[in-house]
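S.K.: Each chain, letter by letter, is given below.
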Amino acid sequence: MRRVAVIGVGCSKFGELWDMSFRDIVLSAGIEALEDAGLEGKEIDAIYVGNMSGGRYLAQEHISALIADYAGLAELHIPSTRVEAGDASGGLALRQAYMAVASGMHEIVIAAGAEKVTDVGAEMAMDIPSSAADREWEVFCGANLPALFAMIARMHMERFGTTEEDLARVSVKNHRNAVNNPKAQFRREITLEVALNSPYVAEPLRLFDCAPISDGASVVVLASEEVAKKYTDTPVFISACCQASDYIALHSRRDITTMDAVVYASKQAYKQAGIEPKDIDVAEVHDSFTIAEIIAYEDLGFAEKGKGAELIRGGVTELDGEIPVNPSGGLKACGHAIGATGIRQAVEIVLQLRGDAGKRQVDAEKGLALNIGGTGATAVVTIFER
Amino acid sequence: MLPRFWRKIKYRYNLVGTYCENCGTYYYPPRNLCPKCRRKSKIREVQLSGKGKVISYSIVHDAPESFKMMKPYVVALIQLDEGPIITSQLVCKPEEVKIGMRVKAVFRKYGEEGESGIIYYGTKFAPDNE
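For the protein sequence lines, the chains are A and B, in the order given. The C-terminal residue of the first sequence carries number 388 in this note's numbering, and the numbering is unbroken. The C-terminal residue of the second sequence carries number 131 in this note's numbering, and the numbering is unbroken.
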């Protein structure tokens, strides 16, 4: 296996992009990434794209060829592949691209993620993400994604004393971080009172505990170490990219307050990178719901099981804390463009490690990204170092 | 969606699950393979008692379109006395539900596909005061 470097990153604006089509959004991220890497186009050996539901959001399948085409690459006949794992689709695309370079098969590979969600009505837009849970045995009963994460939160509270205020603190932190992210959907601070007085979506989760469903696209360019040297003086290396799966439905899991897929993927990733959780300087985690960020602290080994809330109470994961989590604003405030999210997280970690994160810059040498699908049936953990 | 629903009617209406004779584990929803025994699985169908307790729950306020008429409604994870945990709705007032509450299976309507479409029935749970 060869070392793999990130030589370019790009990200579209995240949010309700009414004036942009799926193709426009992908292109804006792609052009930014190719310019960042200094690529012309013909150097690209392969493309992997994460997209959860082009079929239902756009009635458009065959996203892989479509984006290669509209990125102006049709006549180069580059192999392009779409991968899907609910909202972990982006993480999967990153891992496929990583493996293609690490194995020696390819030299320069694009990993992209994209989703356009505002071309359907709000009801359908909200229903589609629940396809990442078990449609026949969970969603059938009215247990959509917010309700499932609410049941996780309820048990975490009951067992470990986590409170609604702890959940709200995650939201407040992520909104504060997004103020300094020009690509973020919600660039305004909120108070604890605002979060705690927002209406319940599914008790105990309130509106401000739930990430939005957003339009957006992100792109990273990967290259072998040798090739990377020709393109950049500031490569960021991927020291591990591990994926794990678990039961699709929450009710079949060993313990709903732990995502075993996250535990498994992160343990493998730490081992492969030769580091421990305490060596991570910055992380982007999958806060599709605030409780998921608290559980991620535990499952990634930043805190003991049951003590995740202590990190948010103690300011440990704030921008100026010991281990800043979601400096981008996370899914909650940067936005959750489903299939794009896993790549968007990678973009943020790369910017942080290169020192290109502007006003939200933290001091970091090693970073981690955690992308999950649904309620945790898929997890992708990627470790980056400069 | 009709054949997809129709195939599962026995299991949804009557709470028929599966049992692995090799390791003694009950499953609901039913499985064709036991994830603990895999190739050594010895699966047969089994009628579950329908009695159990609430493990966790949520009161859903922002309901999906097909459940709008029911809101707020209670969804719960229920551990049946035989062991498996299932996702279902509770037929009780939101303020009644608490963790550990004993419940029993009841046959109820879940939804319908428009005025002339099929009606979805299935198992819900109600407080069991016995």
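Hints listed in this document are in silico derivations from the structure and should not be mistaken for laboratory results. Be a bit skeptical, because a hint or two may be false.
[To be verified] Derived pair list, reagent style DSBU-like, types lysine-lysine, alpha-carbon separation capped at 35 Å:
#1 B:K41 - A:K269
#2 A:K44 - B:K37
#3 B:K11 - A:K307
#4 B:K52 - A:K273
#5 B:K41 - A:K273
#6 A:K307 - B:K110
#7 B:K99 - A:K309
Model, not experiment: these values are computed from the prediction.
S.K.: Could you run down the list of hints and mark each one as holding or not?
M.R.: Structure-based check of each hint:
1. B:K41 - A:K269: holds, 29 Å
2. A:K44 - B:K37: Roughly 49 Å separates the two Cα atoms, so the pair is violated.
3. B:K11 - A:K307: violated, 40 Å
4. B:K52 - A:K273: violated, 44 Å
5. B:K41 - A:K273: holds, 32 Å
6. A:K307 - B:K110: Violated. K307 (chain A) to K110 (chain B) sits at ~39 Å, over the 35 Å cutoff.
7. B:K99 - A:K309: holds, 24 Å
In summary, the structure is inconsistent with hints 2, 3, 4 and 6 from the numbered list given earlier, while agreeing with the others.
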